[in-house]
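**Student:** Chain by chain, the residues:
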Amino acid sequence: MLEIKNLHAAIDGNEILKGINLTINKGEIHAIMGPNGSGKSTLAKVLAGHPQYEVTAGEVIYEGRNLLEMEPDQRAREGIFMAFQYPIEVPGVSNAQFLRLAYNEKRKHLGEEELDPLEFKDLLKERAKIVEMDASFMTRSVNEGFSGGEKKRNEILQMAVLEPKLSVLDETDSGLDIDALRVVANGVNQLHTPNDAIIVVTHYQRLLNYIVPDFVHVLAGGRIAREGGKELALELEEKGYDWIVKTPEPNGKGAVAPAK
Amino acid sequence: MVRGSAMERFEQLGFPSIRDEEWKYTNLAALAKENFIPATRNEDALDVSGFTYPETANAHLIVVNGFLREDLSVTTGLEGVVAIDLLSAAADARYNKLVRKYLARNAGYHNNGLTALNTAFLQSGVFIWIPKNVNLETPLQVTFVAGVENSAAFPRLLVVAEENSSATIIESFVSTNGGRYFTNAVAEVVVKDGAKLEHYRLQRENKQAFHVTTTSADLGRSSRYDTTSINLGAQLSRHDVSVVMDHEGAETSVDGLYMVGSDQHTDTHSVIDHKQPHCNSHQLYKGILDGNGRAVFNGKIYVREGAQKTDAMQTNKNLLLSNKARIDTKPQLEIFADDVKCAHGAAVGQIDPEELFYLTARGITPELGRNLLTYGFAEEVIAKIKVESIRNELDETVLRQLHTSL
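Just so you know, the sequences run in chain order A and B. Be aware that the first sequence starts at 1, since it is given in our numbering, and climbs by one per residue. Be aware that the second sequence starts at 1, since it is given in our numbering, and climbs by one per residue.
Chain B extracted, bound-state conformation (with noise of 0.2 Å):
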């Protein structure tokens, strides 16, 4: 099995290093140092009707500590779409060749140590399986909940949507308890030809914790993939989203808010990749900094030779609420094909001016103008959500980060 191979790869490569390029700016020194120790499967009660939204009654995984509490979980509303354990899955002979075809797949893990330590602590984690024509109606929702303090976890799901399928997944990672632990995160996605996948990913570790994802993603023909990822919480967070368009005519969006305020570094290393003709990638990512927080970011798109016809564009914008809060931002696009268009651009600024002059000559305090503000920048992302509650709840976290109320 994997596990194995895994581990040893880890041992070869350990954390990653700023002197790796790509961990220039995230330091994981800090967290190399702790003495996590892996968490372990548990059945302990646990309250989890605060996580999840009313659109996902029926159907909503939890995972406590890496490990799917079926005890725990609602899936009366899956209308055909199979959401599993991983491990059983790859035990089961309906399901064993998808994941021995999908798992690890697009996630490798051999120029990778933190999606190798992952692999190597496969011990649950969840199987989506979106068979073919089938269209899921209500979003489904799958809570990574970080319970145990001290702890690491290692969170892993497979989502495969055949073809001409449709689903919306909702992945929403919290915690029950506000001390140091980590998360090791691994998300593989396959979009099949034709099918369409709506991908949430909702970061809100408390603000103690370590929490590094990846999410891979692989488009089929003529499929779309809209993804956008809210990250929130932790002491350090990465995220290391890619989306591989290797059939032509895919479609896909990948959006992205941060926001974040003292001792708190979040990083987002996002990859873009145009391999076939008549593909089309929109990425924004928004960013809003407090504090001494610190963000990075850096979006890589390839337009690879032959992918003709590329529509690709690429903005990310920052907005920073103090002086001590930094970003580094690194849009890249990498083009050889002829015939493409592509745009790509960062941008850095603070509150402007003439904007919170126009609300103040309305008789909005100074204060009130900046947050309202603040909330309109964070809104491109999350106006664009098409989950109600997850809108609401967002506006309601951005709002009270802004101690305001509208």
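Bound conformation, chain A alone (with noise of 0.2 Å):
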């Protein structure tokens, strides 16, 4: 599904990501993890097409096409989700209207029909129960004056509406007490199917307790570092990042192979 190469990002000049290598495949979930500062977030905003990264080398292959030439809002109807770390807060648009038009731009470039109001609003009322959402949520403008904790149902919310077959969650965890950590991986783990692809960006093992990873990433100065199984997440919960980062693997190999 999705093949990455030798990928090199910067942002204002600075060289984040150091030639990342990595291969996704249909139905796997993979954590992207390691120290702040290794590149992770911004492994997730380069997949997404965030305007201010700059790929400087390297290529992804999404589905056999070059993601990097697909505008953010392409990538985005071709199946690609992220879920933001920080979820912006869209004043005066009401949740409903921001996920209706973006279900409806999405239907459109599948040659589908529109949704009207109405008949989204049912199908609204199915995909909320994913995450919990009371319905005062809808018709509440984007993210506005939403707890962290609901800002990141939302994010989820919006993954049940869109269904993607790639969805980058950037530490989707992070700022979540325990309750909402179980609603949101639940919610996570309802909609993956042997269809999708799941890449989890997180600090933190805690999050893989509950979307557990086939594969687990370390990343560290802009490479991977490590690579292994669901196991090398609690190993690393246990000996923390520092004994990676100070004993790292070359470009792109792991200690471990992942099974294929």
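In short, the hints are calculated from the structure, not lab data. Hints are supplied without guarantee of correctness; some may be wrong.
[Said to hold, decoys possible] Here are the computed lysine to any residue pairs in the SDA-like style, where the Cα-Cα straight-line distance is at most 25 Å:
(1) Lys101(B) <-> Ser5(B)
(2) Lys108(A) <-> Ser5(B)
(3) Lys165(A) <-> Leu368(B)
(4) Lys386(B) <-> Asp214(A)
(5) Lys165(A) <-> Asp214(A)
(6) Lys121(A) <-> Ser5(B)
Reassemble the complex: the two chains are provided individually, in unrelated frames, and hints are given to aid placement.
**Tutor:** Pasting the structure below:
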């Protein structure tokens, strides 16, 4: 589904990603871990097409096409979804309006008929159950006045509505209490099918107790320093990141090769 | 009568010029050069059905070229509120004392050439009187129709809300012609002790028009006056709004939205005057400027000596959609009391790239995303409007100007 080859990316002239190699297949869940500043969030944003990040080398192939040539909105319509670490507030635009527009843009793209507000309301009601969100959130402005946990839930609601093929969850666990974490993780697990793939970007192992990854990749200094199965996350929880930062594996090569 | 004296005053003052500090950014030279002819009363048939809101079906007055048209107005839903021709009121023994007391009081013409001009041409207008303790449930709409090209109209409104009354007044400025004309309007509002008045002002003149208005409100003890001004039309529009709080415990919100595009200029000058203690004022003005559109916002808040416990808040936010658009904004606070809570601020910005990225990351095209954010920007003002059809109409208008539908 996604193949990242020797990806280098910079922001304001500072190179953050220094040669990432990663292959993601349908049905898989990959965790990207690493200390602060290792490039985890940058990788997520580059995949979503954030305009501030410049890809300086390498390539990203998504379903056989050059992802880097696509605009952010096109990527989204093609099935890429990034749950934001810091979801943006959009005053004056209701959650329902926003979600319906996004949903219909995708429908149009797929040559399907758009849903009117009433039809969409029914769909939204169903999807909101997945993240246990109250109907009152639909008439409120997007993320405005939402708590940290509500914003993250709202991100997963968007994922539920848009049904992406590849979801990138950028530190979705940050700022969540344990109950909210469970709701969010539960939602993600309900949405995951053998036909989509999920990249979970996280600093802590905690979320991975709920969203169990098939593979764990540890970033350090803009490169993948270790790769392994879900047990690698537990090892990190115990030992911290220092031992990996101090003894990185060669560029993109893991100590433990992930099982294919 | 005041007319002769006002004419004399206008002859002395003339149109304001850009040498006048209050008119620094709004040049009336083009207007002064026009040969607009004062409009006269006519009884022509006119379809006004598109100008009124469902909420005001039984309570609307139609004023054409400044003259009240009783034949086109509907006043069956007024519930004891008086809404009649202003000059008739002046000649009516029941109301002449009120008219004499309040007409040309809040909006004095001695220092303002345009108000002097309006007063000099006072030939009709609307008098609204909300008697003591009367609560008018339905909004009352006054629609000012500019119907004749190359004419000048001088609409006049006097609203007196007696003690503990409440009402909603909608002033709407529209046109039935596509040519140039001049609207010079004055509205005076008196809100007595304990009264509550909501006042909407919707300016949708055609884009050739010149539109100059003064709104002057005077608030009684523990009264409340909430006003929202929407400025969308005219090639040149200027609104002077002033709210004077000379009695304790008055509260006001003075909000507005202006949205102009190429070859349009809109100017709001607002004065909120805290003269007595324990008064609150809250002001939110937002502007959207496209093309080479220009806007001016000048907001003064005075907190006079002794006006302790004043709570005053003023915000002016502007969204520029083009590099050629221009805004001159100047919020001003002048405080002569020491125990007050005051804040003011102005912001000028463009569409936030992070907000836009968020929308595009959900598959929304950048164009639709920009329009959605612009619409959301306007909503902060529109959403506060309590009359549903006005909100809906403004939503549609904003979206239409953005060539978007939701």
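**Student:** What are the numbers of the hints the structure violates, in ascending order?
**Tutor:** Those not satisfied are hints 2, 4, 6.
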